[in-house]
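Protein chains: 6
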Amino acid sequence: MIFIIFLLTLLSHSTTNASVLDFCVADLSSSQTPSGYPCKKSVTINDFVYSNFNSGNTSTNFFKFSITPAFVNQFPAVNGLGLSAAKLDLDVGGIIPMHSHRGASELMIVVQGRITAGFISSDNTVFIKTLSKGQILVLPQGLLHFQYNAGRNKASAYLTFSSENPGSQVLDLALFGNNLSSANLIKSTLLDPAQVKKLKAIFGGSG
Amino acid sequence: MIFIIFLLTLLSHSTTNASVLDFCVADLSSSQTPSGYPCKKSVTINDFVYSNFNSGNTSTNFFKFSITPAFVNQFPAVNGLGLSAAKLDLDVGGIIPMHSHRGASELMIVVQGRITAGFISSDNTVFIKTLSKGQILVLPQGLLHFQYNAGRNKASAYLTFSSENPGSQVLDLALFGNNLSSANLIKSTLLDPAQVKKLKAIFGGSG
Amino acid sequence: MIFIIFLLTLLSHSTTNASVLDFCVADLSSSQTPSGYPCKKSVTINDFVYSNFNSGNTSTNFFKFSITPAFVNQFPAVNGLGLSAAKLDLDVGGIIPMHSHRGASELMIVVQGRITAGFISSDNTVFIKTLSKGQILVLPQGLLHFQYNAGRNKASAYLTFSSENPGSQVLDLALFGNNLSSANLIKSTLLDPAQVKKLKAIFGGSG
Amino acid sequence: MIFIIFLLTLLSHSTTNASVLDFCVADLSSSQTPSGYPCKKSVTINDFVYSNFNSGNTSTNFFKFSITPAFVNQFPAVNGLGLSAAKLDLDVGGIIPMHSHRGASELMIVVQGRITAGFISSDNTVFIKTLSKGQILVLPQGLLHFQYNAGRNKASAYLTFSSENPGSQVLDLALFGNNLSSANLIKSTLLDPAQVKKLKAIFGGSG
Amino acid sequence: MIFIIFLLTLLSHSTTNASVLDFCVADLSSSQTPSGYPCKKSVTINDFVYSNFNSGNTSTNFFKFSITPAFVNQFPAVNGLGLSAAKLDLDVGGIIPMHSHRGASELMIVVQGRITAGFISSDNTVFIKTLSKGQILVLPQGLLHFQYNAGRNKASAYLTFSSENPGSQVLDLALFGNNLSSANLIKSTLLDPAQVKKLKAIFGGSG
Amino acid sequence: MIFIIFLLTLLSHSTTNASVLDFCVADLSSSQTPSGYPCKKSVTINDFVYSNFNSGNTSTNFFKFSITPAFVNQFPAVNGLGLSAAKLDLDVGGIIPMHSHRGASELMIVVQGRITAGFISSDNTVFIKTLSKGQILVLPQGLLHFQYNAGRNKASAYLTFSSENPGSQVLDLALFGNNLSSANLIKSTLLDPAQVKKLKAIFGGSG
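Residue numbers (full-length UniProt numbering), protein chains in the order written: chain H, 1 to 207; chain A, 1 to 207; chain V, 1 to 207; chain U, 1 to 207; chain E, 1 to 207; chain G, 1 to 207.
It is possible that part of the hints are untrue.
[Said to hold, decoys possible] Looking from chain V toward chain U, a few residues come up when the C-beta cut is under 8 angstroms (computed): (1) D22; (2) C24; (3) D27; (4) L28; (5) S30; (6) S35; (7) P38; (8) C39; (9) N79; (10) G80; (11) T130.
Think of the hints as simulated: they come from the structure by calculation, not from any bench. Cβ coordinates follow ideal geometry from the N, Cα and C atoms, glycine included.
Excised from the complex, chain H in its bound form:
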């Protein structure tokens, strides 16, 4: 009996305030702020678990890659924690084309096959390496990089990020997958008009 009373006393400052903020699972239905989503009121262990990496259906795309993201919009538990992940699957010959993440550095752990990855620094130096299963590569924030299958079998990797919302800008889509006018595109890249036209057709761009 005394123990229960004791317990209530000891806990009093947390039980009267349910909202001690050990974590802030995103309430995706509310408006974001610069620090992330408002917190969901009530959570269970299932909020902290993400299971889509083992879905099995990693049907790859035109570039023969598949990305399964566990960013804040897919995995609300990472909201505010400065951390997220994604699964990369590369078919034979597959590649994630040149891209960058405005909001995070990336740490890639190869879990199957062999992957060649490269990034380019602000002074235009190329850093490139072929990695085997179990090796890690770090790709600093905001720099162009690419990853391709360097082997004769499927390859895959876990990608982790220093933000719950890294953002991804795929170069070909940013240039050729929208209505950026060919004139502006040619002027800002020096690409030939024929090249622009060809890639706009592939990536669905207009203008």
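Let chain H serve as the given structure and place chains A, V, U, E and G on it in line with the hints.
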């Protein structure tokens, strides 16, 4: 010819200052600061690669687990990037006993077998789940947690952290693996003297 | 007359926008975000004052201590300011048992009596000291620590924290004050079953 | 046809979640948080453009200066970006009197005329310089500073800040433009009563 | 025997790297960085203790106040922790004149007597209150404020700050305690020449 | 006489510690840390002034643009302040080709002529606008963008950044101005081999 001149002009503000800070690979021989180690002057692609996860020699310890860290002291490329990783191997019956990370949240990706993981929040709620290959669990910063092999075969996971230097405080070692006096320990935990004596013997504590 | 016109002109960009954010007193009725609570619309000086430390009723608990927190949930003015406080009262023989704060470093100022305080670092080193009135001890973020009355009279201290929401995980409550199964608890701590049973009884745990 | 399918696949994780947070244009109608305003749901290029600097009507005030701010309340696009700007116009003889910004360092670029600017550091050292068109001065966060027209013609400058909400505390208004009692004011500044009375009259203060 | 081997294994990643950064006690002999001082190589419990508050010799100054700071330069343990403290002693009639802290919010805990404290926000609103022993006042970062003894006996308070290096700009010293020319001072404050001359004499200013 | 004594007393905690950190002008000769350069020991007002914008010699390059940066390596005063600037000059027909800044958002203030600027968000939306003198555009961190002269006369702008070290990755130089192999380049961009060869010749690339 004009192109080379052009190139030098265009690059001029970066070539005269070699130290554009896209990254800051740690110079482990220098003193740390609150933001991390000073930066290594010259880097190559090999600075960004970590290969110890696939060493094969994951001989486990008393608790039948093995941790291979890729924190800043093992993998200097993560210095200042707010991100690191570790490999967890669990033999059958293995467990990482109760511990916490003062400096990072953790994102665990199971890559082999089945792992039961649990954490306890500040209001003493228990969050616990058994995960299979491909599943992710998030463990918020600074809270006590544990992970054990829930299957009949070896299990392993990649652990990633929201800091290059997460810190790890293993409860049994913090309590029983040093010279914290038995009197202070008993007073601050209410453990029985016999229990303290027994565990100090196991974990090498004195006092 | 000209002065009033002048005044309005000079002030124009702040008077048209009432919400200049010198501070952000928490609106506790709104959902938290990772950066804290939304701001209360209208504030007075009383929002910035907290008076519960001098309530006089510091009836202590089982461990003969009393904590009066002035964290964001009790003192909304600290929202977003990265700072909070608490009052610690220790009866003769009193102790705050082993605990940690996931979200803040602590600076303790002894204001009455003598207090022995200790913390354990990630490499399991014990740092311990007995402090008198007027002395300060710093306890780094996320590490296990404890404080007990080292004198023959009441002791008290002001605790300040580097976060408006430090969180507190009391070891005995985290282990024995919830439904964490005895099997998991024993496995993850190596405590004896009898010890677990005894402490679960004291701290109200089940399972 | 295959291209469109490809495109949808490639884009799937962003199209299903419209709220990828490259930016967070402020929804000024919502409550602020410590990290800024919640984000506006839908934006266009016009949200990113601010045009009031070229309004022409820089009618100056009593001190013969005019400030046109582009802080978060005037230019919601800077919300969460840690950056804002203002235009300073100084008539002949004009001055921004002694003031400070609690939340930002300032970088002043002179674009017309000659401006003398000074700041005072915490150890009471005076840093002062007269700048011409094209010169930059940095004014560190939270320190008292002033800027005046040092030439025989109008002068102007662009002021940029390391926060979207720098805050401005103009010394004369803070002291003499409110109901701070003369007794308290005299005690806390050692100004003479007559001086206080005179300046309260100018700046509209009472008390 | 097996236990010692076990222990070494379990500890291996921390013992080989002594520099796990739970804290970073300042090495005051090294150059500061924007994040603070480099870390001292070897520390003991005494590094975490500060004892000057109980020195007894709080001989007050011209304004009848005494400040005993425990900022990073006096108390190196707070380096990088975002937290510091100071002791304020006020004789009867004593006052800390108008001042601001560029780098921290302040939380004042009155421990003796009665203290009137006030601060002025960016929109020139005055917030003022007389506090008794045990009451707390929060003073937001970078705003002008003052504290004076409101009683008939000595008063004192503990001041804590959200930075290890808050900085203090005392208005009278910033204006009148240096070589800021009277011409510039008068122009930027509208103070009368006689007033400036008088206060420069008191505070040791020239020019 | 009493005043001098007073002054010394009042100043005592700052004069004994010269290193109060109101600012941290970079010591460019020391190694950087993740938070920036160590601080220069002794500074004058000239450290806070940058004068290269008005050099007059804005000889533009191949793209008919000139950038004069005032980043930390050119203007050490911005070290640690989270703020920097650059001057952009565009000849008739000039353009800054497609580029991004990994470390900062950009705020562009047009000061002469007309400039068309565009950026592309992570969901591949194009944001584009032609700005006149006095207009501001915000370009969020890490996204591809470009700026060109939209008028018949020279144009110029002040660019300010939310970091002292924004970094710049110019797309054409990152792709064609180094030894990234044509095979890898073609694979990661889908550009035609002839296009790659042509642009490698222009930008000085090999491989």
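Cross-check of the supplied hints:
Because the smallest distance between the Cβ of V/D22 and any Cβ of chain U comes to about 6 angstroms, under 8 angstroms, the interface hint for this residue holds. Interface restraint check for V/C24: the shortest CB-CB distance to chain U comes to about 5 angstroms, inside 8 angstroms, so the restraint holds. The closest approach between the C-beta of V/D27 and any C-beta of chain U is roughly 7 angstroms, which is under the 8 angstroms cut-off, so the hint is satisfied. A distance limit of 8 angstroms between C-beta atoms decides the matter here; for V/L28 the minimum to chain U is near 12 angstroms, and the interface restraint is violated.
Against a cut-off of 8 angstroms between C-beta atoms, the interface hint on V/S30 holds, since the closest Cβ of chain U lies about 7 angstroms away. Residue-level restraint check for V/S35 holds (minimum Cβ-Cβ distance to chain U is 4 angstroms; threshold 8 angstroms). Against a cut-off of 8 angstroms between C-beta atoms, the interface hint on V/P38 holds, since the closest Cβ of chain U lies about 4 angstroms away. Among the interface hints, the one on V/C39 holds; its C-beta lies about 5 angstroms from the nearest C-beta in chain U, closer than the 8 angstroms criterion.
Using the Cβ-Cβ criterion of 8 angstroms, the hint placing V/N79 at the interface with chain U is satisfied: the shortest such distance is roughly 6 angstroms. Interface hint at V/G80: satisfied, since its Cβ lies 3 angstroms from the closest Cβ of chain U, which is below the 8 angstroms cut-off. Hint on V/T130 is violated. Least Cβ distance to chain U is approximately 35 angstroms, over the 8 angstroms limit.
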